[in-house]
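**Q** Chains as they are written, first to last, in my numbering: chain C, 1 to 366; chain Z, 1 to 366; chain P, 1 to 617; chain X, 1 to 617.
What the hints contain is simulated information worked out from the structure, not anything from laboratory work. Mixed in with the good hints there might be a few duds.
Unchecked claim - These stretches of chain X come out as covered by chain C in the derived footprint (C-beta under 8 Å, 3 or more residues):
(1) 277-286
(2) 542-556
Said to hold, decoys possible - In silico PhoX-like links for lysine-lysine, alpha-carbon gap of 20 Å or less:
(3) P:469 x C:79
(4) P:583 x X:195
(5) P:469 x X:583
(6) P:585 x X:585
(7) Z:163 x P:183
(8) C:163 x X:183
(9) X:469 x X:490
(10) P:585 x X:583
(11) X:469 x P:100
(12) X:469 x Z:79
(13) X:457 x Z:79
(14) X:469 x X:457
(15) Z:194 x Z:240
(16) C:79 x P:457
(17) P:583 x X:409
(18) P:184 x P:195
(19) X:195 x X:183
We treat Cβ as the ideally placed atom computed from N, Cα and C, and that holds for glycine.
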Amino acid sequence: MTTSIPKPKVRHPGLPVNQIGLTRRDYEGAMSTLCAGCGHDSITAAIVRAFWELSIPPHKVAKLSGIGCSSKTPAYFLKEAHGFNAVHGRMPSIGTGASAANRDLIFLGVSGDGDSLSIGLGQFCHAIRRNLNVVYILENNGVYGLTKGQFSASADIGTKPKKGEPNRNPPIDPVLLALNLGATFVARSFSGDKEQLVPLVKAGLAHRGFAFIDVISPCVTFNDHEGSTKSYAFTREHTKQVVEMDHLSVIDHDEPGPSDLVPIRTEISASYAPGTRLDVAMHDGSTVRLRKIDEDYDPTDRDRAYSYVRSAQHKGEVATGLLYLRTDAPEMHEIENTVAAPLAMLPFEELCPGSDALARLMEEFR
Amino acid sequence: MTTSIPKPKVRHPGLPVNQIGLTRRDYEGAMSTLCAGCGHDSITAAIVRAFWELSIPPHKVAKLSGIGCSSKTPAYFLKEAHGFNAVHGRMPSIGTGASAANRDLIFLGVSGDGDSLSIGLGQFCHAIRRNLNVVYILENNGVYGLTKGQFSASADIGTKPKKGEPNRNPPIDPVLLALNLGATFVARSFSGDKEQLVPLVKAGLAHRGFAFIDVISPCVTFNDHEGSTKSYAFTREHTKQVVEMDHLSVIDHDEPGPSDLVPIRTEISASYAPGTRLDVAMHDGSTVRLRKIDEDYDPTDRDRAYSYVRSAQHKGEVATGLLYLRTDAPEMHEIENTVAAPLAMLPFEELCPGSDALARLMEEFR
Amino acid sequence: MKKASTNGHSTPTPMPTPPSVNDFALKIGTVNGTGSASANGLLMQAIFHMGVPVSGKNIFPSNIQGLPTWYEMRVNATGHTARTGRFQVLVAMNSQTYKKDVAELQTGGYLVYDSSWPLDASLARADVHFLGIPLAALCNQEFEGARERLLMKNIAYVGALSALLDVDLGIIEHLLTEQYGAKKALIASNFKAVKLGYDHAREHFDCPLPCRLERMAPPDDYILIDGNTAAGLGCVYAGATVGAWYPITPSTSLMDAFRRFCAMYRREKETGRNKYLVVQAEDELAAAGVVLGASWAGARAFTPTSGPGISLMNEFIGLAYYAEVPAVFVDVQRVGPSTGMPTRTQQGDLMLCAYASHGDTKHICLYPADPSECFELAVAAFDLADRFQTPVFLVSDLDIGMNDWRVKKLEWNDQYRPDRGKLLTADQLDRMDAFYRYLDVDGDGITARTVPGVHPKGAFFTRGSGHNKYGAYTEDSDEYAEVLARVARKIESARSHVPSAIIHSTGAEIGLVALGSSDGAAREAAEQLATQGIQVDYMRIRGFPFGSEVDQFLNAHEVNFIIDQNRDGQLRRMLVLETSAPKDKLISVRYYAGMPISSHHIVTGVQQQLAQGVIAV
Amino acid sequence: MKKASTNGHSTPTPMPTPPSVNDFALKIGTVNGTGSASANGLLMQAIFHMGVPVSGKNIFPSNIQGLPTWYEMRVNATGHTARTGRFQVLVAMNSQTYKKDVAELQTGGYLVYDSSWPLDASLARADVHFLGIPLAALCNQEFEGARERLLMKNIAYVGALSALLDVDLGIIEHLLTEQYGAKKALIASNFKAVKLGYDHAREHFDCPLPCRLERMAPPDDYILIDGNTAAGLGCVYAGATVGAWYPITPSTSLMDAFRRFCAMYRREKETGRNKYLVVQAEDELAAAGVVLGASWAGARAFTPTSGPGISLMNEFIGLAYYAEVPAVFVDVQRVGPSTGMPTRTQQGDLMLCAYASHGDTKHICLYPADPSECFELAVAAFDLADRFQTPVFLVSDLDIGMNDWRVKKLEWNDQYRPDRGKLLTADQLDRMDAFYRYLDVDGDGITARTVPGVHPKGAFFTRGSGHNKYGAYTEDSDEYAEVLARVARKIESARSHVPSAIIHSTGAEIGLVALGSSDGAAREAAEQLATQGIQVDYMRIRGFPFGSEVDQFLNAHEVNFIIDQNRDGQLRRMLVLETSAPKDKLISVRYYAGMPISSHHIVTGVQQQLAQGVIAV
Ligand SMILES: Cc1ncc(C[n+]2csc(CCOP(=O)(O)OP(=O)(O)O)c2C)c(N)n1
Ligand SMILES: Cc1ncc(C[n+]2csc(CCOP(=O)(O)OP(=O)(O)O)c2C)c(N)n1
Ligand code: SF4
Ligand code: SF4
Ligand SMILES: [Mg+2]
Ligand SMILES: [Mg+2]
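Same shape as in the complex, but just chain C (with noise of 0.2 Å):
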């Protein structure tokens, strides 16, 4: 079985430490080779943070990626943590695979918008209806990155390149995929939007199955353009945050939740009238707590979601924000109905029959 490894307690002095006497440097990673800008790193950014105060153990992360400019960023963050570089639009495989063997890792894939949307729509939409257990982030850009800058299939009609024609196909929105193939933790958000971000991380984390994060997250060498709808003025421009979020872990330290996972108190950013606030208990013990800043919005209700995310578009917004959650799907494990140690670390003794066995077996081919 595996060890769980405690970290020295203070390794930066001078820095703040979390929970398990982590600083944020050691939720970092390698240096990033992103351009200078480029809306990705700002996600890294935020998933430094909400790892660490969020207190998880590194090595008990599973980062996946697929290929591009997004799915290089799993080697910026997270070092102590084992990473998966997939190949193009795959990872959503090698995630389910990953999780059915180790369920107690806790799984983040990152991924981009050509990788998830083209090559990778089968899979992505195939791992939502088996609601495994990962926060998967989309870093949307509307552009292949790392070919230079091909439109995707999330450019929205009409975007202009920065040179040659505006697209004509229409666009695959991701939020009204995932929502229309019942993902159970649906969210867009800017990456230029920390605040909203960081706790959407968070949130995503304390969700059983599958969370899924659209972050419009500029390419800055190959779509912030004017004419571009997914650069940042457009997008800053554009967003509507329609459900603020906080991620409330819980006060009781003497109860962890599973999987070594020790959520702390965060401080509580936004006090809220009552009537518009929602608490939602999540399964690790912490709460999602959501305000409906629009008051026609209902986090809870798959369909009514949907049509406000359209009824936005028709608006020209983008909504972002927690856009639904359900905590009462069961996870690929559950559905699979599998035993709660990770299938991976069962002893040799646990999964072979034995000769006995066997030899009874053999009646039955005779």
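Given the structure of chain C, go ahead and fit chains Z, P and X with the ligands onto it with the hints provided.
**A** Quick look at chains Z, P and X with the ligands alone, frame taken from chain C:
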């Protein structure tokens, strides 16, 4: 250029002939090798009827399919049409290429729920995005028939197999998916309802763009038992037609539609109370006449159609009919701004820039 | 003959057949989806229980109902049960294929047909015996309902054959009782049908025929099993916990078996929960991804598929090779290329499995020859995958995978423990200064591996892009080449770890080489050649990269005939590439039309080559 | 030297370098995304315009901004412009890679560096000349704004090199004028930067260096072009109307070129509408499907990709092979396996392209050696695909595809008409009694083909499942085998239709064999070996299946050294499998670390093998 080959006017004396002198027999194919009672065979019959009624010259048609019992069926109709039985799940890309090469062909694709929603999900979605000009029939039986009855991705939660545990993964509903992705013609029907199916296929043929018809088509061998939600009995009981439809061909013989397609008059099988009736002009000059059976329904509003189908599902109903229609979206060739003539038929002289142009071009590389 | 054989066409009575006890082949042509499969299985089992070596080949269509299907049985006291394609007894139950079926009967053979309707004159053959039995008429009389009558007609021909071939009715009754257990009515009706056929045959014909069965020693050590079932069981015994698949003929029954055995052996008693997880993936690419992900996270994982699946998995196979992730692929080969003939057998993926994916790759392959080896080599596949941290292919085929074979009972050594290779534990990591994923510390080409969740020191970033020996990303030429060269060395070193070839040598000048399901036919061919004065030594290859014994064998013989069940001689090509034997020592003998290969394909092939003078004999 | 070379570390002055006019190699190390690409291009073009044979190799990272990147130029009056990897001049603009870069300079060579900051003492080398130029300081003085200063620093080193190497400033000015046209301010500022570097160098160093340029005959017949551009143009000229792709380095620029040329040549005048359609597919599987669909419907269609794409297309490739659908695949190879090194070059997919997909297959491959052949063979690929109704691979690589090569101007023969093979017209069909898709009426292995929409008689059902010669579905062994055997014959017959090998023979005992981008290095190596007394004949292979001349060449030589830019000697393996030459005549010489191969890799490889006694010389 292609030559249109007139058929001998009467080949089966006694049988009724259509406008181009062909009998229904002329639209048939090889003997079906499917199980007796298979829903797919009924769809084949509806296809035969629709093409015959529209007097489409069979050799102007390209039949496409993937792999599965459903995908075998193009061998059983329109023997004088070319067919392409692709590899599993990859028919949409074959169709995309064939349409790119020859936009004058009339494309009919037949697929299964395994073929389109599992292995072929990505291609299916992207063909919709391109608004490929094809009638795409998904013969939906909730199982992989040809590999002996495993659940497909369209199987409902709780539906029972012949043996073993009920399905616990949520279904991918191709109609909702098509609406989500902006398919321009979305219909659902039932293989047992020829009255509904034949006009749907005809309207699909009249549509310019992706005409999607999900047809519940029970698998008598593996998924027609008590407890299955794709059985004949269950489907008969739970389908609810929400839009009645007729396809009215043009009457004016002097102005044939494009692509050698000469539509003929069809009987109007129902007369509608004024107010609930909506006539939609199709690109080939024919008319689709819709009658809302449910007052709430609006087959021209994609989002309301989506909500309606969802709420019907909540009530345990399967909404059928022509659920959504949009005629003003450009199909792939319009998006790509290609010439009117089929690319495959352009003479080489129009394609090759020749030696002088090359000599001039070479200066650019100096 | 007691009564004249009813060939019905007043043609001269054929030559009497010389008696042949426990040595004949039988073919039954029926329509699929009519229940003939269980009738045929009943007969096969009965023969098995008489102790007589027997094999069954199910020649079925890629279709669910209504098309022709055949079942062939070969009975051979000396144990040669490879397909012959030469039938002494033929049961023609399908009017669509009468003509073709009748033509396949050997001169002097026996044709059993349903004489409820008169036979078309054009189907007559003077040189065979026509044994008409009014099966439909008999069943219509005795049974009610179309379905029951259809099913019982099949059981009735089993009865008739029992009389004709001298099958012990007691065994049949016993088998029916076992099969239907408490359902007494079913037992009774089935047995009634058996008796209908039996009695009719005994009444109208000289029973038994000269070509018939005779009890042998009880088959206590033997079982009847198909390769997919055995391989699925092997995966359970190897400790595989994650399986992923997308259904495809002829591999589907492997995962069915794995699940069935897991349901038996892998339920946690207290909770009823599963100690395994099977992912029915959305396609083969995803199935491969699941296997890689699960192996990466420390489980033993596998995917069964067939040729089209391997083609689709190509990209992932290369990732597993280069990132050094263990992964077990079972390729139950069918006839290619493309969709090909999904219900026919071939060895068409040998080269693909050995070299799949772009760039320089080479993969460990194991070649079971029968279900018993499917079980054993499935276990070996996981050990090799773990030890060499690489994809391993268990290369089976439809003939082995889906047909029932008579093999020795499977055995298990309780001392077995999985070879997990250099998989570091938390304690080991704790004692290390630093861990570098691709650093070859002991020079054997294999580097230590970690799985997530065990220890912070074990963390590294698995990638299919360029990496150096420390596991870091690189675009540096030397760093890249250093790792890739080591990987090549590592795979080469597997040649002494794959199961070695089985060699039957008497010092002949000629070698005969085969693998997989060609084994039975090859062994028989070797004997047949010997009776013609052509002595051959025989080598059956079981693993790739080939061990040194393969090289030695080939070089030790003047010429070697390499048997391939594919068009292009893929085994020969691999031997050309991967051994030191000169090309002209390796002569190809091929059969690739989709039936299991027969000894006469081999004998004829060898004879033709010898006639062309490849060696002076 | 007029002024002491500023190596700045008071080390002894290195040995003077022997003068070398029009024969040296230069390497420039910069940071990607800083505009160095256009500076390097400017220098390269200037040399080209001086009439001096030159090649440029862009060694760039798989990254968009901020990582090290290099540009190498080789100048050689006799036309040997393969990469050497041995540099006489080195421009070190990237402090991250200083150390590594400096180490690559040949003894006696010249290091140009930015002396705006003092150089780290540890970077000193006694045996080379350090030429410090304060490029940043100069540019900071003269230009405003960080971006402008960064860009101009690069242009300034071009100026310095112009002085040092004696590049004609008039040409530089001319090129800037051509490039920026009406943007006078840009021309002025760029030329100012050129002069900054130029003047500084002339002032501080003996200019030109002994290693320098000298004008040669004007390059009127030559162009500078990369292989992807040329191949894209070839597709336009061949009449391809449908292209499908999924972006992947290093093939992306091929489709960019196709689109650009189509925009020039394929617009319908009256309507502005396109006579082509490019599908940016959702992945490579779909791209392959689009190609098959379009070809099936009668268009000429193609897809450019690289190794991972070919792996993903495996299933479709088998379908095209077996259903006999023409399809053109361009594989611009990069370093594998898996994601590998996307921006490095290799010939790692030779075997994959030749035998892709499960089951028995073999594919026609064409191997261009330079951009000029990319153009020619792209056209040939469509003709062969149409004639043989099968996939054809144009097997290029990153070195050819993405680097600028100096080649003769491309030419076109207006007499050319596409060979559409046995594609039946409506008239032909009208005159036929019946059409059967796979019936070989004239015995050449190629059967007539129809496309949809032409004639009812032409209809058939294209399928990857078993089919007989009439085009009907079959599961019959003989019918299946008959078709598959004919397909094999058909592909074999292509050996006399692929472009034949180019052979330089003087009757030597030793053969040297290469293909593709190894050509330049191989030719140079042949000369170098000759100067060492080792005479070799040289054969460059251009197509597969290999023509009879390949067989003859190999057999005519005592030994043949087979050059491969891959780890496993894939070309050698193919020659072993596909010719009659004995294996021991085929000796592998390999380089696979990702840079374009150099003559010294080959010479060294050959010498080592000779030293081991493969032949007595
Ligand atoms: C099989 C395969 N096809 C194509 C590529 C080339 N490729 C690398 S990244 C990429 C697209 C990345 O786009 P996205 O996922 O949006 O990531 P971004 O770079 O925009 O963050 C492509 C096409 C590849 N690596 N593998
Ligand atoms: C690549 C590949 N994988 C798997 C198969 C096996 N296979 C054939 S049909 C089929 C599923 C068919 O299901 P569906 O599309 O629903 O058609 P149905 O038979 O139910 O009409 C599968 C998995 C295949 N032919 N090719
Ligand atoms: S190219 Fe775009 S996506 Fe890639 S690193 Fe640069 S800014 Fe980010
Ligand atoms: S198995 Fe099912 S889907 Fe296939 S032919 Fe039979 S009834 Fe139809
Ligand atoms: Mg992107
Ligand atoms: Mg189905």
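**Q** Between the alpha carbons of residue 469 of chain P and residue 583 of chain X, is the straight-line distance 20 Å or under?
**A** 34 Å, violated
**Q** Does residue 100 of chain P sit within 20 Å of residue 469 of chain X, going by the straight-line distance between their CA atoms?
**A** Judged against 20 Å, a Cα distance of about 19 Å means the pair holds.
**Q** Given the hint that residue 583 of chain P pairs with residue 195 of chain X, does the C-alpha gap stay at or below 20 Å?
**A** 66 Å, violated
**Q** Take the C-alpha atoms of residue 163 of chain C and residue 183 of chain X, compute the straight-line distance between them, and say whether it is at most 20 Å.
**A** Given that 20 Å is the threshold and the Cα spacing comes to 19 Å, the pair holds.
**Q** Going straight from one Cα to the other, do residue 585 of chain P and residue 583 of chain X come out at no more than 20 Å?
**A** 12 Å, holds
**Q** Would the pair residue 585 of chain P and residue 585 of chain X pass a check requiring their Cα atoms to be no farther apart than 20 Å?
**A** With Cα atoms ~16 Å apart, residue 585 of chain P and residue 585 of chain X stay inside 20 Å; holds.
**Q** Residue count check for the segment 542-556 of chain X against chain C: does it reach three with CB-CB under 8 Å?
**A** Answer violated; 0 residues pass the 8 Å Cβ test.
**Q** For the pair we were handed, residue 469 of chain X and residue 79 of chain Z, check the Cα-Cα distance against 20 Å.
**A** Given that 20 Å is the threshold and the Cα spacing comes to 18 Å, the pair holds.
**Q** Hey, residue 469 of chain X versus residue 490 of chain X, does the alpha-carbon distance stay inside 20 Å?
**A** Given pair residue 469 of chain X, residue 490 of chain X holds - Cα atoms ~14 Å apart, limit 20 Å.
**Q** Residue 195 of chain X and residue 183 of chain X were given as a pair; does the straight-line alpha-carbon distance stay at or below 20 Å?
**A** 19 Å, holds
**Q** Check the hint pairing residue 457 of chain X with residue 79 of chain Z against an upper bound of 20 Å on the C-alpha distance.
**A** 10 Å, holds
**Q** Holds or violated: the segment 277-286 of chain X covered by chain C, criterion of 3 or more residues with Cβ-Cβ distance under 8 Å?
**A** Coverage by chain C holds for the segment 277-286 of chain X (4 residues, Cβ < 8 Å).
Consistency with the previously given hints fails for numbers 2, 4, 5 and 17, ordered from lowest to highest.
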